[in-house]
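Heads up: the protein sequence lines correspond to chains A and B, in order. The first sequence begins at 1 in my numbering and counts up by one. The second sequence begins at 1 in my numbering and counts up by one.
To be clear, the hints were calculated from the coordinates, so they are not data collected in a lab. Treat the hints with care, since some could be wrong.
[What the hints assert, rightly or not] Straight-line Cα separation of at most 30 Å, DSS-like style, residue types lysine-lysine; simulated pairs:
| no. | chain 1 | residue 1 | chain 2 | residue 2 |
| --- | --- | --- | --- | --- |
| 1 | A | Lys450 | A | Lys151 |
| 2 | A | Lys281 | A | Lys141 |
| 3 | A | Lys228 | A | Lys151 |
| 4 | A | Lys63 | A | Lys281 |
| 5 | A | Lys141 | A | Lys63 |
| 6 | A | Lys228 | A | Lys450 |
| 7 | A | Lys228 | A | Lys421 |
| 8 | B | Lys226 | A | Lys421 |
| 9 | A | Lys151 | A | Lys141 |
| 10 | A | Lys450 | A | Lys421 |
| 11 | B | Lys58 | A | Lys63 |
| 12 | A | Lys151 | B | Lys322 |
| 13 | B | Lys362 | B | Lys224 |
| 14 | B | Lys111 | B | Lys301 |
| 15 | B | Lys224 | A | Lys281 |
| 16 | B | Lys58 | B | Lys322 |
| 17 | A | Lys151 | A | Lys63 |
| 18 | B | Lys322 | B | Lys301 |
| 19 | A | Lys141 | B | Lys58 |
| 20 | A | Lys63 | B | Lys224 |
| 21 | B | Lys226 | B | Lys362 |
| 22 | A | Lys450 | A | Lys460 |
| 23 | B | Lys322 | A | Lys141 |
| 24 | B | Lys224 | A | Lys460 |
| 25 | B | Lys58 | A | Lys151 |
| 26 | A | Lys63 | A | Lys228 |
[What the hints assert, rightly or not] Sample of chain B residues lacking proximity to chain A, with all beta carbon distances greater than 10 Å (derived):
| no. | residue |
| --- | --- |
| 27 | Ser174 |
| 28 | Pro204 |
| 29 | Gln207 |
| 30 | Ser353 |
[To be verified] Okay, the calculated bits of chain B under chain A, using three or more residues with CB under 8 Å as the criterion:
| no. | region |
| --- | --- |
| 31 | 37-45 |
| 32 | 64-74 |
| 33 | 99-108 |
| 34 | 182-195 |
| 35 | 257-271 |
| 36 | 363-373 |
| 37 | 381-395 |
All figures in this text were calculated on a predicted structure; none of them were measured in a lab. Glycine included, every Cβ here is placed at the ideal spot set by N, Cα and C.
Here is what each chain is made of, one letter per residue.
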Amino acid sequence: MTPGSVTREIERPERFFENRFGLTSSLLERLLGSALAGRVEDADLFLEYRVNEELVLEEGAVKKASRHVSQGAGVRAQSGERTGYAHTDEVSLPSLEEAARQARAIAERAATSAIVPVKPDRRPHDLYSLAVPPVAADLSKKTALLERIDKAARAADPRVRQVIAAVSSEDQIILIATASGWTVGDVRPLTRLSITVVAEEQGRREVGTYGGGGRVPLDFFLEEERWKRFTAVATNQALLKLRAVDAPAGTLTVVLGPGWPGILLHEAVGHGLEGDFNRKKVSAFSGRMGERVASALVTVVDDGTLPNRRGSLNVDDEGTATGRNVLIEHGVLRGYMQDRLNARLMGMAPTGNGRRESFAYPPMPRMTNTFMLAGQDDPEEIIRSVPYGLYAVAFGGGQVDITNGKFVFSASEAYLIEDGKLTAPVKGATLIGNGPDVLTRVSRVGHDLKLDEGVGTCGKDGQSVPVGVGLPTIRVDGITVGGTQV
Amino acid sequence: MDELLTGLLERTRRRGASEADAYLVDERHSSVRVRLGEVETVTHARGQRLALRVFAGKASASASTSDLSRDSVERLIDEAVALARLTAPDPVAGLPEPGECAGTIPDLGLKDPVGHALTPEEKIALARQAEAAALDADPRITNSEGAEFFERQARYAYATSHGFLGAYETSSFSLTVSPVASSNGERQGDSWYTLARRRERLDPPEQVGRIAAQRALRRLGARKVKTAEVPVVFDPETAASLIRGLAGAAAGPALYRGTSFLLNRLGTPIAAPGVTLVDDGTLPGALGSRPFDGEGLPVRKTALVAGGRLDSYLLDTYSGRKLGLPSTHHALRDGAGVGVATTNLYLAPGAASPEELIGSVKSGLYVTELIGFGVNMVTGDYSRGAVGLWIENGELAYPVEEVTVAGNLLTMFQAVDGIGNDLVMRDRTSAPTVRVARMVVAGE
Chain A
1 MTPGSVTREI
11 ERPERFFENR
21 FGLTSSLLER
31 LLGSALAGRV
41 EDADLFLEYR
51 VNEELVLEEG
61 AVKKASRHVS
71 QGAGVRAQSG
81 ERTGYAHTDE
91 VSLPSLEEAA
101 RQARAIAERA
111 ATSAIVPVKP
121 DRRPHDLYSL
131 AVPPVAADLS
141 KKTALLERID
151 KAARAADPRV
161 RQVIAAVSSE
171 DQIILIATAS
181 GWTVGDVRPL
191 TRLSITVVAE
201 EQGRREVGTY
211 GGGGRVPLDF
221 FLEEERWKRF
231 TAVATNQALL
241 KLRAVDAPAG
251 TLTVVLGPGW
261 PGILLHEAVG
271 HGLEGDFNRK
281 KVSAFSGRMG
291 ERVASALVTV
301 VDDGTLPNRR
311 GSLNVDDEGT
321 ATGRNVLIEH
331 GVLRGYMQDR
341 LNARLMGMAP
351 TGNGRRESFA
361 YPPMPRMTNT
371 FMLAGQDDPE
381 EIIRSVPYGL
391 YAVAFGGGQV
401 DITNGKFVFS
411 ASEAYLIEDG
421 KLTAPVKGAT
431 LIGNGPDVLT
441 RVSRVGHDLK
451 LDEGVGTCGK
461 DGQSVPVGVG
471 LPTIRVDGIT
481 VGGTQV
Chain B
1 MDELLTGLLE
11 RTRRRGASEA
21 DAYLVDERHS
31 SVRVRLGEVE
41 TVTHARGQRL
51 ALRVFAGKAS
61 ASASTSDLSR
71 DSVERLIDEA
81 VALARLTAPD
91 PVAGLPEPGE
101 CAGTIPDLGL
111 KDPVGHALTP
121 EEKIALARQA
131 EAAALDADPR
141 ITNSEGAEFF
151 ERQARYAYAT
161 SHGFLGAYET
171 SSFSLTVSPV
181 ASSNGERQGD
191 SWYTLARRRE
201 RLDPPEQVGR
211 IAAQRALRRL
221 GARKVKTAEV
231 PVVFDPETAA
241 SLIRGLAGAA
251 AGPALYRGTS
261 FLLNRLGTPI
271 AAPGVTLVDD
281 GTLPGALGSR
291 PFDGEGLPVR
301 KTALVAGGRL
311 DSYLLDTYSG
321 RKLGLPSTHH
331 ALRDGAGVGV
341 ATTNLYLAPG
351 AASPEELIGS
361 VKSGLYVTEL
371 IGFGVNMVTG
381 DYSRGAVGLW
391 IENGELAYPV
401 EEVTVAGNLL
411 TMFQAVDGIG
421 NDLVMRDRTS
431 APTVRVARMV
441 VAGE
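Okay, chain A solo, but in the shape it has when bound (with noise of 0.2 Å):
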């Protein structure tokens, strides 16, 4: 066998776990039932089979490969706000019996309830079937794109010193099985390549990077040449900040351009509407529902069903399908985003945002892909609108702190806007806002939405999950950039 082939063997997740490791639909079935049964109000099962693979080119040779393979199950009770969770990464019936017995044992001093049949109403979706998933396609081409990366950026200018690229693939197969007796499983691929760019002048060194992806093949970056594409961006952002000066510090208009910019949303909203911090009511949009927190012109959703999308999924990591979440409404607060424990103890439903980073975590609310719809005004003009300002275009990360609703994302690419002009790349910088604030200071919105290329890893209590975001470009009027020219 050689690396690769793994997958391809693979159908349907219920055949999959049963061919492996002899666990039939019917024994998880009895598993959950006679463990569980009269005892907890919801218990589910979670198979999950795992390959990553990540080439890294340095230096202008690929000089590391590395291939993981996961394999676990995870089992939990639930009682009213209680949680039972064991997991185990020894895949055998006498595991996940004891993982059982260890997750039901929260449950049992609590009130006996029969357990809710939660049947989800929706159908999985079909979103990302590929003929060739990433991990299963050829390293060779693998290594050829990396080389290929490496010589178009040093091709495109003698400043650049180096060029470091990677490309990560993975395959997830996932079965769920609940205890009112139905499973749903899911085989979800997974690729991104990410470039590096550092070039020197003079003594100055400076680094840009860019990258994209998806449920998508390897074919994806060949296509449109969009290998190309990142090359391009990654590396003009290293030479333009090589000229940078420092950034402004203070509050300030800020236009930010579409697509990855996103991530403000990802921050300021996105994370307060997660079901579990509005039921705890540790939130900053805690009560808030129906309540205006946004201009009108702004609306926003999540939406787990965009074809190949990073964060999109066929069912959530609970069996739920996914959907489209209208979160703010003409500025409207309109919706949570919700796991089963949380819409139980909520009277809500279920959204499918029940997510995890693997068997070794339970569920809990997280977002799919975030974004803003479009708007009316054309993106030149929106640049044009302000005297004294910064276009951000490219970011980094960004965190929330969800109680007082305090955010960051920092900028590694914008530019001083003067009488309507960019003149000046900055260096990047810090900024900080309110998020049940800051969206009530947009004051234009693009017609360009753009959704982010495909790159976003969101972490929330140590879980990470891969998620998307879009923004059209919109213009905001006051917030503060942590620059140092005062």
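Position chain B against the provided structure of chain A, taking the given hints into account.
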């Protein structure tokens, strides 16, 4: 289990690898989380991972699996060898010289022989006591994100094809409390924790809860301040994040790739003369200690910065050879291969009390939390969100939020003009209070 490693390496050699090393971690962990006095989540887990690195001549690759069945391990060998044939040869690739490996494996007391014997009820009681202390601390503590007790035990084994075999066991315990304070419609959350290798060395739950409550309460009434260039005092927690940034730039892989602002700075002054930064992996019972590094080399005590001068990088064998330097025994092994990591990293304490450092500021910011990722490791440019208290005439006057602090890590370390005497080794990276002469605080 150790026969598994040596057998694996033998079979790997037979399949064409010139050298190989293997690493096995076997762990159990469990947690209990209570919220508002009620049990919320209890978890139990057991996991293991076997990682193999092979060299085929000067080309290498890594593979790992959590499935230790015979078939799976054979597949692991095949995949690693096949991957290594695909990668480009690298003249400096390879294991360290056999003579460099640790001869004896010191017992650093990293395992707690008795601490894991708690019943679930006792763990729940610890979390409850901590949360109750926070909730009872003040009527303005109105809500909670809960309290969590966590414990983990692990065994690490490492072997090389040239004969090194070592293993050690570790324990760790933590207790974290996250209360929410509210007043006049404003909500502020914060948290506090205690972390130790022996359970008896955890801070008392009541103390953890009380400090968590104080941290949330002192944020109430927070406001923005006007943009200004002022002295900035970092509390021990946030000062630790600054030295983590400096250590990140001293890491070998960042240096040979040219992505570090400490490139070509070895032996030169990079910080104020009072700055001495030490990494000591030999401290008995400490959180970052280990008897040997990720390549089997004995850990030791290293001064990264002494009297403001950069005295050492953090190197594994490969990055050392790339830079023409010996390994500093900072290799970190994980499934993906070998990287570099600090052990117990600390900024040596100075003479001033934290009160004296705050008292020395007429108008400035005392930083208690930093958020975001605004550090450019290539240039050192620094811009992060900050929470803290405004200092007026040497006194903490009122809480501040929604501001940033910005500068450049190199110029910040050169501008350190006060280091506190309050170093406590609370975590793997620790620092006393630090005063930086001037930084830009952006607000209104």
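Okay, the hints, checked on the actual structure:
1. For the given pair, Lys450(A) sits about 29 Å from Lys151(A) by alpha-carbon distance, which is consistent with the 30 Å threshold.
2. Of the pairs offered as hints, the one joining Lys281(A) and Lys141(A) is violated, with about 51 Å between alpha carbons and a cut-off of 30 Å exceeded.
3. A hinted pair counts as satisfied when its Cα atoms are at most 30 Å apart, and Lys228(A) with Lys151(A) qualifies at roughly 11 Å.
4. Straight-line distance between C-alpha atoms of Lys63(A) and Lys281(A) comes to about 50 Å, which puts the hinted pair past the 30 Å bound.
5. The suggested pairing of Lys141(A) with Lys63(A) holds, with an alpha-carbon distance near 15 Å, which does not exceed 30 Å.
6. Simply put, Lys228(A) and Lys450(A) have alpha-carbon atoms about 19 Å apart, close enough for the 30 Å limit, and the pair holds.
7. Distance check on the hinted pair: Lys228(A) and Lys421(A) sit about 28 Å apart at the alpha-carbon level, within 30 Å; holds.
8. For the suggested pair Lys226(B) and Lys421(A), the alpha carbons sit about 27 Å apart, so the restraint of at most 30 Å is met.
9. With a C-alpha separation of about 15 Å, the suggested pairing of Lys151(A) with Lys141(A) holds against the 30 Å cut-off.
10. For a cut-off of 30 Å, the pair hint linking Lys450(A) to Lys421(A) stands: about 22 Å separates their Cα positions.
11. Pair hint Lys58(B) plus Lys63(A) holds up; C-alpha atoms about 10 Å apart against a cutoff of 30 Å.
12. Of the supplied pair hints, the one linking Lys151(A) and Lys322(B) holds, its CA atoms being roughly 22 Å apart against a limit of 30 Å.
13. Among the hinted pairs, Lys362(B) with Lys224(B) is consistent with the structure: their alpha-carbon atoms are about 18 Å apart, no more than 30 Å.
14. Distance restraint check for Lys111(B) and Lys301(B): the Cα-Cα separation of roughly 21 Å lies within the 30 Å cut-off, and the hinted pair is therefore satisfied.
15. Distance hint between Lys224(B) and Lys281(A) is fulfilled; the C-alpha atoms sit about 24 Å from each other, no more than 30 Å.
16. Taken as a hint, the Lys58(B) and Lys322(B) pair is honoured in the structure, with Cα atoms around 14 Å apart against an allowance of 30 Å.
17. Straight-line distance between C-alpha atoms of Lys151(A) and Lys63(A) comes to about 16 Å, which keeps the hinted pair within the 30 Å bound.
18. Between Lys322(B) and Lys301(B), the direct Cα distance comes to roughly 23 Å. Compliance with the 30 Å bound is thereby established for this hinted pair.
19. A threshold of 30 Å between alpha carbons decides the hint, and for Lys141(A) with Lys58(B) the separation of about 22 Å falls inside it, so the pair holds.
20. For the given pair, Lys63(A) sits about 49 Å from Lys224(B) by alpha-carbon distance, which is inconsistent with the 30 Å threshold.
21. Proposed proximity of Lys226(B) and Lys362(B) is supported: the alpha carbons are some 15 Å apart, at most 30 Å.
22. Straight-line distance between C-alpha atoms of Lys450(A) and Lys460(A) comes to about 25 Å, which keeps the hinted pair within the 30 Å bound.
23. Of the supplied pair hints, the one linking Lys322(B) and Lys141(A) holds, its CA atoms being roughly 28 Å apart against a limit of 30 Å.
24. A hinted pair counts as satisfied when its Cα atoms are at most 30 Å apart, and Lys224(B) with Lys460(A) qualifies at roughly 27 Å.
25. Proximity of Lys58(B) to Lys151(A) is assessed by CA-CA distance (about 23 Å); at most 30 Å being required, the pair is judged to hold.
26. Restraint check for Lys63(A) and Lys228(A): the C-alpha separation of about 22 Å stays at or below 30 Å, so the hint holds.
27. Every beta carbon of chain A lies more than 10 Å from that of Ser174(B), the smallest distance being close to 12 Å; the non-interface claim holds.
28. The non-interface label for Pro204(B) is consistent with chain A: the shortest C-beta to C-beta separation is roughly 25 Å, beyond 10 Å.
29. Under the 10 Å C-beta cut-off, the non-interface status given to Gln207(B) relative to chain A holds; the minimum distance is some 23 Å.
30. No beta-carbon of chain A is positioned within 10 Å of the beta-carbon of Ser353(B); the least distance is around 30 Å.
31. Counting residues of the region 37-45 of chain B whose C-beta sits closer than 8 Å to any C-beta of chain A gives 8, which meets the bar of three, so the coverage hint holds.
32. Chain A is given as covering the region 64-74 of chain B, and this holds because 5 residues of the stretch bring a CB closer than 8 Å to a CB of that chain, at least three being needed.
33. Beta-carbon proximity to chain A at under 8 Å applies to 0 residues in the region 99-108 of chain B; the threshold of 3 is not reached and the given coverage is violated.
34. Figure legend: the region 182-195 of chain B, annotated as covered by chain A; annotation consistent (4 residues with Cβ-Cβ distances under 8 Å, at least 3 required).
35. By the rule of at least three residues with a Cβ nearer than 8 Å to a Cβ of chain A, the coverage given for the region 257-271 of chain B holds, with 4 such residues.
36. Here's how the region 363-373 of chain B fares: 3 of its residues keep a CB closer than 8 Å to some CB of chain A, so the rule of at least three is met and the hint holds.
37. Remark: the region 381-395 of chain B is confirmed as covered by chain A, as 5 of its residues place a Cβ nearer than 8 Å to a Cβ of that chain, reaching the required three.
Checked against the numbered hints given earlier, this structure breaks hints 2, 4, 20 and 33; the rest are met.
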